[in-house]
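Visitor: Residue numbers (my numbering), protein chains in the order written: chain A, 2 to 106; chain B, 788 to 1188.
If you're looking for bench data, these hints aren't it; they were derived computationally from the structure. Glycine included, C-beta positions come from ideal geometry on N, C-alpha and C. Among these hints, one or two may not hold up.
Said to hold, decoys possible - Subject to a maximum C-alpha distance of 20 angstroms in a straight line, what follows is the list of computed EDC-like cross-link-like pairs (lysine to aspartate or glutamate): (1) K1060(B) x D74(A); (2) K67(A) x E1059(B); (3) K26(A) x D861(B); (4) K24(A) x D861(B); (5) K72(A) x E1059(B); (6) K24(A) x E1001(B); (7) K81(A) x E975(B); (8) K26(A) x D877(B); (9) K898(B) x E25(A); (10) K880(B) x D74(A).
To be verified - Cβ-Cβ distance ranges computed for the label pairs, FRET-style: (11) M51(A) x T882(B): 21 to 31 angstroms; (12) F34(A) x H984(B): 32 to 42 angstroms; (13) L50(A) x F1040(B): 14 to 24 angstroms; (14) T1117(B) x K75(A): 41 to 51 angstroms; (15) G1115(B) x F34(A): 32 to 42 angstroms; (16) Q46(A) x E924(B): 29 to 39 angstroms.
Said to hold, decoys possible - Pulled a few chain B residues facing chain A out of the computed Cβ check, cut under 10 angstroms: (17) F830; (18) M869; (19) P925; (20) P977; (21) Y1005; (22) H1044; (23) F1140; (24) S1143.
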Amino acid sequence: MKVMKKVLLTTLIAATPMMAQVKEKIEVPYIAFPIKMGKGFDVVQANCLMCHSFGYIINQGRQSKKFWAGKVDKMIVHFKAPITDKDRKVIIDYLYEHYGNGKEQ
Amino acid sequence: MKRREFFKTAAVSAGAAALGTTTAEAGVTHQPVDNRKISDVAFPEKRPLITYSDRPPLLETPREVFTCALTPNDQFFVRWHMPDIPTYIDTDKFTININGLVKKELKITLKELKEDFEQVEVAAVLQCGGNSRSAFEPTAGGIQWGSGAMGCALWKGVRLRDILDRAGIKKGAEWLAVQGSEKAAYYETPNFIRELHLDELDDHVIIAYQMNGEDLPYLNGFPVRLVIPGVYSDSWIKMITNITVTDKYKKLFFMDHAYVVPDNECECETPEKKFPKTKPIYRMNVKSIIGYPSNGAKLTLKSQAVVRGVAFDGGAGIREVQISLDGGKTWDKAILDSGKLGRYAYRTFRYGFKPSKLGKLEIMAKAINKLGEEQPLAKDIKWNHGGYKYNGIDVVTVEVV
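Use the sequences and the hints to build the structure in full.
Guide: Laid out in structure tokens, this is it:
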């Protein structure tokens, strides 16, 4: 009888409609993207990482200085990232140094 | 179509000539990057997918999944815009708030959504406007997706129209602003809001809480998201919290600046000279993807091979998928599935053949919709600065051994 009861209880729990597959806080994994170290990296880390992972940078591939400047300006103008003029220049130089294609334009 | 093609060509040549540039500088298009590595890290409720970012999460579905009419939830692509996504939703307390120009403001709980309204289902393709962006050269800014920022699911939920009827729309109301729960790091960053004209609300536009018979995966917008069949995914707001009915259209960043294409006949421009007028990307164009075989697959000489894939468009419906094995010189009809999932869903196709020659073989797939619109060759797609709406004929290269 005791065994029966246990079986019944288990069945009941299994049959209870679950409101969600995720009933607790989700944990989004952290991914260590292989970002290059170098001059200006601390500034890149402080500014860019506020809003997005380094995956965003790496995924663009090697690009011109103009491309990278355009990206940084988009963050400032459209996404309102509070990047100072001084930091802006450091970030563009860093991106071009490590993810540049050798072309200014 | 022919006339349109002519103008496409004419406009680009003219643009290039005026600037004194070569075609290459005018922007070219090729096959998107394929077979990017699948991550070894799985995200919540997902299998490991092609992973571009963890914060916000950006996950792409591998090509091999595009042989099924419905994309499994755990392989469905993921795209968020903001770094701060709520990591917990209290399903007992969660409400969708309806306000603005309504007679009665509503706060609808999930229980009410599931019990107090007519429940409807629609099978529809969800595709990022930037899907296949890696096809554009020079690089169009944004995530360099391969072909897997898309999926098709059976969505279950409630018609948005029914919800608005319950609230009662006031005279003069014309627009809806739908807002999700993702948040930026800075207050000044524009929120991700989608505006819809009330006329856009047909019976297929729903607030969905279920996907392929399960709750929405968290990363696909749990607990509810907007479903607008036939329209690119930037409009399908995830984790909807608020819907405001308004009389005026507000210019918004994501609709009016980010997800836009040139507002001209060819929806194209040159990298040097952006077309000044833009329009939001909206209805999807006709497209198909070969799910099998993949690039680099080995097929055996004279054995039965079957090409499989999916085709879709913005809702007109797929009329035909054609396969070419000779570089596009001749095309042969593939077999389509019954189409029972409806005009907004994937049509799967299959095509059997016997490889007759050793060595490399190019397999091309071209979809044609019921309006007669067909996929252009990759090289004939015109460049746009956002890298949107790529729909080139898919090509995979296999080896016959």
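Visitor: Just pull the numbers of the violated hints for me, sorted ascending.
Guide: Structure breaks hints 10, 23, 24.
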